[in-house]
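Colleague: Chain residues, written in single-letter form:
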Amino acid sequence: MAESATTPAVAARRPAEPPDTAGERHSALLSVQRLTKSYPVPEGRRTVVEDLDLDVRPGEIVTIVGPSGAGKTTLLRCIAGLLPASSGQVVIGGRPVTGPPEQLAVVFQDYSRSLMPWLSVRHNVELPLRGKNVPRDERRRRVTDALADVGLGHTAEQHPWQLSGGMQQRVAIARALAYRPQAMLMDEPFASVDAQTRADLEDLVLDLRQRLDITILLVTHDIDEAVYLGDTVVVLGGRPTRVRERLTVPLGRDRDQATTKALPEFVRLRTHILTGIREGAS
Amino acid sequence: MARLADDAHPSPLRMIGRLGVEAWLPVALFVAWWVASDSSQSLYFPSLQTIVEAFGRTWLPAGITEHVLPSLGNLAAGFAIASALGVGLGLVLGLVRRLGAALSPILEFMRAVPAVALLPLGLLLLGIGSSMKIALIAYAAFWPILLTTVDGVRGIDATVQDVARSYRVPLRLRLTSVVLPGAAPQIMTGMRTSLSIGITVIVFSEMAGSTEGIGYAILQAQRGFRIAEMWAGMLALGIIGYLLNIAFRGLEHRVLRWNRAMHHTMLAARS
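Residue numbers (the working numbering), protein chains in the order written: chain B, 1 to 282; chain Z, 1001 to 1271.
Calculated from the structure, these hints are not laboratory results.
C-beta atoms are modelled at their ideal positions from N, C-alpha and C, and glycine is treated no differently.
Just so you know, not all the hints are guaranteed correct.
[Said to hold, decoys possible] Cβ-to-Cβ under 8 Å is the rule here; a few derived chain B residues that face chain Z: (1) ALA105; (2) PHE108; (3) LEU127; (4) ARG130; (5) GLU138.
[To be verified] Straight-line C-alpha distance at most 25 Å; calculated SDA-like pairs for lysine to any residue: (6) LYS261(B) with LEU247(B); (7) LYS132(B) with VAL1178(Z); (8) LYS132(B) with VAL1031(Z); (9) LYS132(B) with ASP1162(Z); (10) LYS261(B) with HIS221(B); (11) LYS261(B) with ARG246(B); (12) LYS261(B) with ARG278(B); (13) LYS132(B) with LEU82(B); (14) LYS132(B) with ARG1165(Z); (15) LYS132(B) with GLU102(B); (16) LYS261(B) with GLY237(B); (17) LYS261(B) with SER192(B); (18) LYS261(B) with ARG244(B); (19) LYS261(B) with GLY59(B); (20) LYS261(B) with HIS272(B); (21) LYS261(B) with ASP207(B); (22) LYS132(B) with THR1176(Z); (23) LYS132(B) with SER164(B); (24) LYS132(B) with LEU1095(Z); (25) LYS132(B) with PRO1170(Z); (26) LYS132(B) with SER87(B); (27) LYS132(B) with ARG95(B); (28) LYS132(B) with ARG1018(Z); (29) LYS132(B) with VAL1092(Z); (30) LYS132(B) with PHE1030(Z); (31) LYS132(B) with LEU208(B); (32) LYS132(B) with LEU1091(Z); (33) LYS132(B) with PRO1181(Z); (34) LYS132(B) with ARG1174(Z); (35) LYS132(B) with LEU1171(Z); (36) LYS132(B) with LEU1235(Z); (37) LYS132(B) with ARG1172(Z); (38) LYS132(B) with GLY59(B); (39) LYS132(B) with LEU1180(Z); (40) LYS132(B) with ALA1158(Z).
Given the sequences, and given the hints that come with them, work out the whole structure.
Modeller: Right under this line is the structure:
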């Protein structure tokens, strides 16, 4: 695929990035503070997420991994300002989130439903920019650049349903890129594509981060994906859901599907997380 | 795949073929009617030849300006008002669910009152002029458009709505680029129903109180015992209804091009 050419074939085995300085709230771009979300149910209230803390620093990829039904999507919707928190808060750029913040762009899981079938690829990517009152020429440029960034420069005039699933999700990523957010939220973005496409899209994310230095918070249920993509992995678990563990991934920035996943450090982290999740489930 | 592509962009030859499929039965019926009624002596069922002659005499071209154009003008005005109000209010009720729930009993009641029942009131308030007919058509055609718009808006995918919200798409752009196109397939269905209701109402209102229009012409012919002309009027009405339906299908085809093409693509992917 297009991006594999720009992803270094051999990952340099540099030492880990500077050690994690967790707790440095002021340096965080996005900060979740004691977030609790509960729903009314016939028996009273059910708490889905409880007292959850999370920081994302600029340029970092934070992955959130947890078993299905752990309230990952609920958490992401609270961060995106699509759901109000029951207590606690989400802070972006120093301001608490009360509605969808302009610093965030969301890539939804279901690509086939998140793109408007009546708009061409170009107009899908352009729509949020029209809302932001970006001037016409600038809009055109941004759309063209964003589509080129995801390797879809040639599809601008097509409609989403003429593209494969993986390509549709690339369009959704291009839409997020063109919006020029400070951080991108991704909700299980590759859960519904085949394995090869999934690997390609994971590498696209790493490649985009290398080239554009974007900040990403990505939710997944796939432990391999969480470790492969993340600088920090946040493991969720329990009922209600809390942060079970926060792990720094010492694999550097140059990663490769074949070699990185064979590294002892990768295997150790994956086994560690899997064991933890299994224990939590039993 | 090739067959479906052909369906989207038919060749001239194929279009003639399709026209043939649609046309053979009407043509056959016309011929059968012509032959069977050829020697008709019945006062009420004149021969088709007589009817066609009467048709040429009364409708071409004098009847068109005298009766058809006023009818179509009123229909267009009433239909336009119904569409604007129906889509407008439908958007509001579809988006603001609480308001929709609050108004639904009143709307259900008003919808249950047939437009023809309002004719005496219309005559009383507006007389026998155009405004009475336009008001009646607008009233009758309003309901299907309103209800399908509400359904269409509520049926828009939740993910699409989330996208619009999370990317802070402002209300006006959201209406024009997300809500209206998303609800368009349903709205068009409502408009098509409303169009045929509108034709019924216009004829009825012209029969009840008018000095012009197709309905008026048919009734006058009957009262004057010009039975062939009465039949010719009915024939004219059928032709007009058919042509309007074709025109509307053309409009629908344009507006919903993405929808048709999407379904073709999905079918092709499955087969």
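Colleague: Is the Cα-Cα distance between LYS261(B) and GLY237(B) 25 Å or less?
Modeller: Between LYS261(B) and GLY237(B) the Cα gap is close to 24 Å, so the pair holds against 25 Å.
Colleague: LYS132(B) and ARG1174(Z) were given as a pair; does the straight-line alpha-carbon distance stay at or below 25 Å?
Modeller: 12 Å, holds
Colleague: Check the hint pairing LYS261(B) with GLY59(B) against an upper bound of 25 Å on the C-alpha distance.
Modeller: 22 Å, holds
Colleague: For a C-alpha distance cap of 25 Å, please report whether LYS132(B) and THR1176(Z) respect it.
Modeller: 15 Å, holds
Colleague: Holds or violated: LYS261(B) and LEU247(B), Cα atoms, limit 25 Å.
Modeller: 17 Å, holds
Colleague: Could you grab the alpha-carbon distance between LYS261(B) and ARG278(B) and see if it respects the 25 Å cut-off?
Modeller: 21 Å, holds
Colleague: Is the Cα-Cα distance between LYS132(B) and PRO1170(Z) 25 Å or less?
Modeller: Cα-Cα ~8 Å, so holds.
Colleague: Please verify whether LYS261(B) and HIS272(B) have alpha carbons no more than 25 Å apart.
Modeller: 14 Å, holds
Colleague: Is LYS132(B) within 25 Å of LEU1235(Z), Cα to Cα?
Modeller: Violated, because 56 Å separates the two Cα atoms, which is more than 25 Å.
Colleague: Given the hint that LYS261(B) pairs with ASP207(B), test it: the Cα-Cα distance must not exceed 25 Å.
Modeller: With Cα atoms ~17 Å apart, LYS261(B) and ASP207(B) stay inside 25 Å; holds.
Colleague: Hinted pair, alpha-carbon criterion (25 Å max): LYS132(B), ARG1172(Z). Please report holds or violated.
Modeller: 12 Å, holds
Colleague: Does the structure keep LYS132(B) and ALA1158(Z) at a Cα separation of 25 Å or less?
Modeller: Given that 25 Å is the threshold and the Cα spacing comes to 22 Å, the pair holds.
The earlier numbered hints that this structure contradicts are 5, 8, 23, 26, 28, 30 and 36.
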